[in-house]
Amino acid sequence: MPASTIKLHVSHTYRVPPAVVYDAWLNPEIARRFLFATDDGHVIRADIDPHVGGRFFIVDRRPTGDAFHQGVFLELKRPRRMVFCFSVEEHDHNCDRVEIDIEPLGGGSRLTLTHEMCAEWAAHEEKTRKGWAHIVEGLGRELEQQQMKATG
Numbered sequence: 001m002p003a004s005t006i007k008l009h010v011s012h013t014y015r016v017p018p019a020v021v022y023d024a025w026l027n028p029e030i031a032r033r034f035l036f037a038t039d040d041g042h043v044i045r046a047d048i049d050p051h052v053g054g055r056f057f058i059v060d061r062r063p064t065g066d067a068f069h070q071g072v073f074l075e076l077k078r079p080r081r082m083v084f085c086f087s088v089e090e091h092d093h094n095c096d097r098v099e100i101d102i103e104p105l106g107g108g109s110r111l112t113l114t115h116e117m118c119a120e121w122a123a124h125e126e127k128t129r130k131g132w133a134h135i136v137e138g139l140g141r142e143l144e145q146q147q148m149k150a151t152g
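Anchor point for the sequence shown: position 95 equals 95 in our numbering, and the numbering is continuous, going up by one each time.
If you're looking for bench data, these hints aren't it; they were derived computationally from the structure. Quick caveat, the model's predicted, so the values are computed rather than measured. Just so you know, not all the hints are guaranteed correct.
[Stated by the list, open to error] Pair ranges (Cβ atoms, derived):
id : residue 1 : residue 2 : range
1  : Arg-62    : Pro-28    : 15 to 25 angstroms
2  : Gly-106   : Gly-65    : 37 to 47 angstroms
3  : Arg-33    : Lys-130   : 16 to 26 angstroms
4  : His-42    : Lys-130   : 12 to 22 angstroms
5  : Pro-79    : Gly-53    : 13 to 23 angstroms
6  : Arg-62    : Ala-133   : 15 to 25 angstroms
7  : Asn-27    : Ser-4     : 29 to 39 angstroms
8  : Thr-64    : Leu-105   : 29 to 39 angstroms
Built from N, CA and C at the ideal position, the CB exists for glycine as well.
Work out the full structure: start from the sequences and follow the hints.
Here it is in structure tokens:
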């Protein structure tokens, strides 16, 4: 990343161990229900190839048109850390860097996401932060539903 970057942080606490959070993020069937999914959209494609150098490609069909999210995994250390480059443009060569750290917290875990983006996108910082917060909260809802099914 260039020297002029912005780092934004989002964190969320879950009632499940780090491995469950980590695995859900990389499972296409689960990820399609929270990863880049908006309240008024519908994820129509969720391709995730979870290995270093592997790619992900998520398409959310929204009333305003399809939104594309893609990246390449740079680091995968189950169950504690993943790092990927991230872009919303098909041929963007200045990918942002996203780091996800998952730490044990009692019987649950805390996910901390750090998004490093070019300073030229400063006007989008708060919208980006809210987007990631929506994603990590959506993951929480998904994990709670899975837990209820398992104990139901």
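Does the beta carbon distance between Arg-33 and Lys-130 stay inside 16 to 26 angstroms, or does it fall outside? At roughly 19 angstroms between Cβ atoms, Lys-130 and Arg-33 fall inside 16 to 26 angstroms, so the hint holds.
Cβ separation of Thr-64 and Leu-105, checked against the hinted range 29 to 39 angstroms: Holds: the Cβ-Cβ distance is about 37 angstroms, inside 29 to 39 angstroms.
Check the following: the C-beta atoms of Arg-62 and Ala-133 are separated by a distance inside 15 to 25 angstroms. Given a distance of about 18 angstroms, which is inside 15 to 25 angstroms, the answer is holds.
Do the Cβ positions of His-42 and Lys-130 conform to the proposed distance bound of 12 to 22 angstroms? holds, 20 angstroms
Would you say the C-beta atoms of Asn-27 and Ser-4 sit inside 29 to 39 angstroms of each other? Roughly 36 angstroms apart at Cβ, these two residues keep to the hinted range, so it holds.
Is it true that the C-beta distance of Arg-62 to Pro-28 lies inside 15 to 25 angstroms, as the hint says? With a Cβ separation near 19 angstroms, Arg-62 and Pro-28 satisfy 15 to 25 angstroms, so the hint holds.
Hint says 13 to 23 angstroms; check whether the CB-CB distance for Pro-79 and Gly-53 agrees. The hint (13 to 23 angstroms, Cβ to Cβ) holds, given that Pro-79 and Gly-53 are roughly 20 angstroms apart.
In this structure, is the beta-carbon distance linking Gly-106 and Gly-65 contained in 37 to 47 angstroms? 43 angstroms Cβ-Cβ, so the 37 to 47 angstroms window holds.
Of the hints listed earlier, there is not a single one the structure fails to meet.
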